[in-house]
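Asks: Going line by line, the protein sequences match chains U and A.
Under the numbering used here, think of the first position of the first sequence as 16, with each following residue one higher.
Under the numbering used here, think of the first position of the second sequence as 724, with each following residue one higher.
These are calculated hints, taken from the structure and not from any lab test.
Since we're looking at a predicted model, the values are computed, not measured.
Among these hints, one or two may not hold up.
What the hints assert, rightly or not - Chain A regions said to be covered by chain U (calculated; three or more residues, Cβ under 8 Å):
hint: 1; stretch: 756-769
hint: 2; stretch: 794-804
hint: 3; stretch: 1147-1159
Stated by the list, open to error - Listing some non-contacts, in silico: residues in chain U with all C-beta distances to chain A over 10 Å:
hint: 4; residue: Val89
hint: 5; residue: Ala189
hint: 6; residue: Cys214
hint: 7; residue: Gly239
hint: 8; residue: Ser428
hint: 9; residue: His456
hint: 10; residue: Asn466
hint: 11; residue: Ala488
hint: 12; residue: Ala523
Stated by the list, open to error - Dumping the calculated DSS-like pairs for lysine-lysine here, alpha-carbon to alpha-carbon at most 30 Å:
hint: 13; chain 1: U; residue 1: Lys123; chain 2: U; residue 2: Lys66
hint: 14; chain 1: U; residue 1: Lys348; chain 2: A; residue 2: Lys1112
hint: 15; chain 1: A; residue 1: Lys784; chain 2: U; residue 2: Lys237
hint: 16; chain 1: U; residue 1: Lys403; chain 2: U; residue 2: Lys348
hint: 17; chain 1: U; residue 1: Lys514; chain 2: A; residue 2: Lys784
Built from N, CA and C at the ideal position, the CB exists for glycine as well.
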Amino acid sequence: MSDWSKAVSGFEAQAQAQTGSRGLEVEEPLLFEEDGPGRSGVDLPPVPPFKDRLDGLRRQGRIGLPGLSEPQVVRHYTRLSQKNYSIDTGIYPLGSCTMKHNPRINEKLARLPGFAELHPLQPMASVQGALALMESLAHWLKAITGMTAIALPPAAGAHGEICGMMCIKAALEARGERRARVLVPESAHGTNPATAATCGYAVDPIPADGRGRVDLAALKAKLGADVAAIMLTNPNTCGLFEDQSAEIAAAVHAAGAFFYLDGANLNALLGRVRPGDLGVDCMHLNLHKTFSTPHGGGGPGSGPVALAPSLARFAPLPWLVERNGALELLERKEGMAADALGRIKAFHGQMGMFVRAVAFLMSHGGDGLRQVSGDAVLNANYLLASLKDVMTPSFGGLSMHEVLFDDRFLGESGVTTLDFAKALIDEGYHPMTMYFPLIVHGALLVEPTENESKESLDRFIAAMRELASRAAAHDAAFFHTAPHYAPRRRLDEVAAARKPILRWRPAAPPEAAD
Amino acid sequence: MRYLPLTEADRRAMLAVIGAPSVDALFGDVPEAARLKASLDLPAGIGEIEIERVLRQLADKNLSTAAVPSFLGAGAYRHHVPAAVDYLVQRGEFLTSYTPYQPEIAQGTLQSLFEFQTQVALITDMDVANASLYDGATAAAEAVMMANRVTRRRKAILAGDLHPHYRETIETYGRFNGFETVARPPRLDAEDDLAALVDGATSCVVVQNPGFFGDLRDGSALAEACHRAGALLVVVVTEIVSLGLVKPPGAMGADIVAAEGQSLGNALDFGGPYLGLFATREKFLRQMPGRLAGQTVDAEGKRGFVLTLSAREQHIRREKATSNICTNSGLCALAFSIHLALLGETGFAHLAELNHARAVVVAERLSSIPGAELVTDAFFNEFTLRLPKPAAPLIERLAVGRLLAGVPVSRLLAGAEFADLLLVAATELTTDADIDVLDAALREALR
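Pulled out of the complex, with its shape left as it was, chain U reads as follows (with noise of 0.2 Å):
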């Protein structure tokens, strides 16, 4: 404790409120602090009497759940969502999220009870209008992607991820090969690795060469009989496109290997470049970051997979097909080619979040859609126009929708990538994304999205112009004591870590006093 106050000396101790609340910045104590036993939030009908059915196996004992009435949960989430940075109060720049805005209408559509309060195993004669709302988001995924077949039950886009490599797995052991490697270049989101790592795979990196780009010659010095992949993020983290992906796709096919191709970027393709046509085999959409899907703070987001047609016949469980007129799942592994997938979750997808997409895409039209990725690329052109001066850019050139800055404008003054990005969180930003990709020193990679207009790009670039002028003026002292005005100053995740407090424990009962 006391060497971590340190670091705080050189800041002048604010005045304290009496409650260490500040203002409409409140305090809030642990739901477990505020229990009243016997209290409840939820008045629910008594039971009548009755003999119970459980053979002896009634719980024992207390569990410890807080009693808490309606009113005192309402204003406990209240307060705690007041201390959350979110899209609706701010720019949210992390690059390779696509933090863009969540439409309301989306929201209200997700609820209809003729979505919302479909059970997933009721007959499908009765569920025809979600069954045609899943066909008619593969069909835009297909159009927007130009490949043929969409599998729709991933989870998240790491569960694409896997989904994906499964199905490539799954290809080649029909074709009696066992592939020991996957192709990752350096640049790629962790998630890359560690789903080859899942499916078996030993993870092979492939530098970077100068201008950011996959090293096309290292690529192929790599390729060989064993490699199973290459996975692929294109525009890639730099925010730069793979423009030699046609050389890189053919390499790859002539190898024998397939082309995945992380689609966590597709928001600068949208309209303008359809994966299908470069080659690739395999990709994720992550309709959480392309599609408006709200992130939720961690979740849930949906990651369907486009396959070629060499892998189409591996996707996953359950396939929607059209027979006799009518919509309908298949579900069950019986019947089916003894080498397919199967399933990779319990039912069929993200449906709450396939409904929140397709309003978005018809929202916006194929059109619209070409828009979204012109003016994601404009506003991140126009950041890396208004600050390349003071800032340093890693990669020469235009940039796609994220803009990649290293800290070599950091210099000498002792303000690291880490003290900047706190220091931006007291001008009231969310800072972008930190130390990814990797491939470069001290990344910041900012990502400003379609959404953000010409007037807060503009604010935010004068506060990035001006925290970058106190750097290169040395004031490192300012920086290393941010953020000073968010509800919590830096916390210490060197002990979170060391002895990890990951639930809540009443307090020890007090000794005998007398």
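For this one, chain U is given, so just place chain A on it according to the hints.
Replies: Showing chain A alone in chain U's frame:
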């Protein structure tokens, strides 16, 4: 387009700053051959009025469980969700925030996750829980992979009354991750002797309580047998409300609990998004998949919360991570947590008791129907009924008459022995009138 703030004047001004002649020119790094020449073959955009009309038309083609008597379960349950839950999760600060990577401005999400983890640990009677996984089935697959890491073995025994979707999900992961699965055949009769199958190569046994057919079982003896052989017991729970009344997995000696949390706070949503719950013993903490919120202090010594032990995770550890999961079910976890906060100790127990009481009434009524046989002895809020004829066509016919009478087992399991079996679930939303309708319809159909 209403979501796009840039005006044509803005675009021109911005292009001037960039020094580019047009937006299309910004895509100069895209080789000519890669560019889409035509426009997308998709309809033009529409406004809110039309989008609402179009999607309402689709929604109206579906039979909502809210509109008719419904006895559907099999891993997804319709419960009452207090209005405050949905109001609170729709607050933009929760709905539109990202994973809490900047803890100073994400204390709302982080504290609520810390509370969620505590609630999950308490109701499962385990030491620690994570911040959620996708759903119960993927949580079960992650549990097996974690057991494989802990035991350095690669064989999982799957109980016959594990939910078929969960079994199939584990089998798929096993095929591609490279572990063996020994799935016992689904069975309704006397308890399978799973303990006899546990050997020195077994990493874990996966059981479900209540089982897929509704049966309650005590896994305590099995847990002991697993531990004697150096294996772990994974307990799956698909109806989390049961833990308000039924002996929890922790009290049975479970090492890992993989559960579906949809029943609290979350709508049926036609199967997703749902909420994977994952809890384990303290000693296995560092082999857990998924995010963890932990308590710490800030530079002023104030209590605060952060994501912690991230050296297990893909964004730090890459191919050596304990799981590839990134996005989880954050907002579903929040809804779960708010619902459970509203219920509290007494409300949760009351809710569970009410569910059981309703199911007992339904079971007694239906088992008095000539030809129908109750094949589940001990159960929570769901049981299996054997009919004198195939269940699926009957259920489809009753649905046309606006009654969702249950889930035919044949929807999930192939084989003639399952054709006549019907899963029937009741919850606190099941009314006496609903039961009368079901009773009369089945009596009529089986006459």
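Asks: None of the hints should be skipped; say for each whether it holds.
Replies: Here is what the structure says about each hint:
1. With a threshold of 8 Å between beta carbons, the proposed coverage of the stretch 756-769 of chain A by chain U holds, since 12 of its residues qualify and at least three are required.
2. Only when three residues or more bring their CB closer than 8 Å to a CB of chain U does the claim for the stretch 794-804 of chain A stand; here the count is 5, and the claim holds.
3. Coverage of the stretch 1147-1159 of chain A by chain U is violated in this model, with 1 residues showing a Cβ closer than 8 Å to a Cβ of that chain against a need of three.
4. Not every Cβ of chain A is farther than 10 Å from the Cβ of Val89/U; the closest lies at roughly 5 Å, contradicting the non-interface assignment.
5. Distance check on Ala189/U: its Cβ is at least 13 Å (rounded) from any Cβ of chain A, clearing the 10 Å threshold; non-interface status holds.
6. Under the 10 Å C-beta cut-off, the non-interface status given to Cys214/U relative to chain A is violated; the minimum distance is some 5 Å.
7. The Cβ of Gly239/U sits about 19 Å from the closest Cβ of chain A, beyond the 10 Å cut-off, so the non-interface label holds.
8. With a minimum CB-CB distance of about 21 Å to chain A, Ser428/U clears the 10 Å threshold, and the non-interface call stands.
9. No beta-carbon of chain A comes within 10 Å of the beta-carbon of His456/U; the shortest separation is about 17 Å.
10. With a minimum CB-CB distance of about 6 Å to chain A, Asn466/U fails to clear the 10 Å threshold, and the non-interface call is violated.
11. For Ala488/U, the shortest C-beta to C-beta distance to chain A comes to about 23 Å, beyond the 10 Å cut-off, and the non-interface label holds.
12. No Cβ of chain A comes within 10 Å of the Cβ of Ala523/U; the nearest lies about 16 Å off, and the non-interface call holds.
13. Pair hint Lys123/U plus Lys66/U does not hold up; C-alpha atoms about 43 Å apart against a cutoff of 30 Å.
14. The hinted pair formed by Lys348/U and Lys1112/A meets the criterion: a straight-line CA distance of about 24 Å does not exceed 30 Å.
15. About 53 Å separates the Cα atoms of Lys784/A and Lys237/U, which puts this hinted pair outside 30 Å; it is violated.
16. Restraint check for Lys403/U and Lys348/U: the C-alpha separation of about 55 Å exceeds 30 Å, so the hint is violated.
17. Taking the CA atoms of Lys514/U and Lys784/A, the gap is near 54 Å; set against the 30 Å cutoff, the hint is violated.
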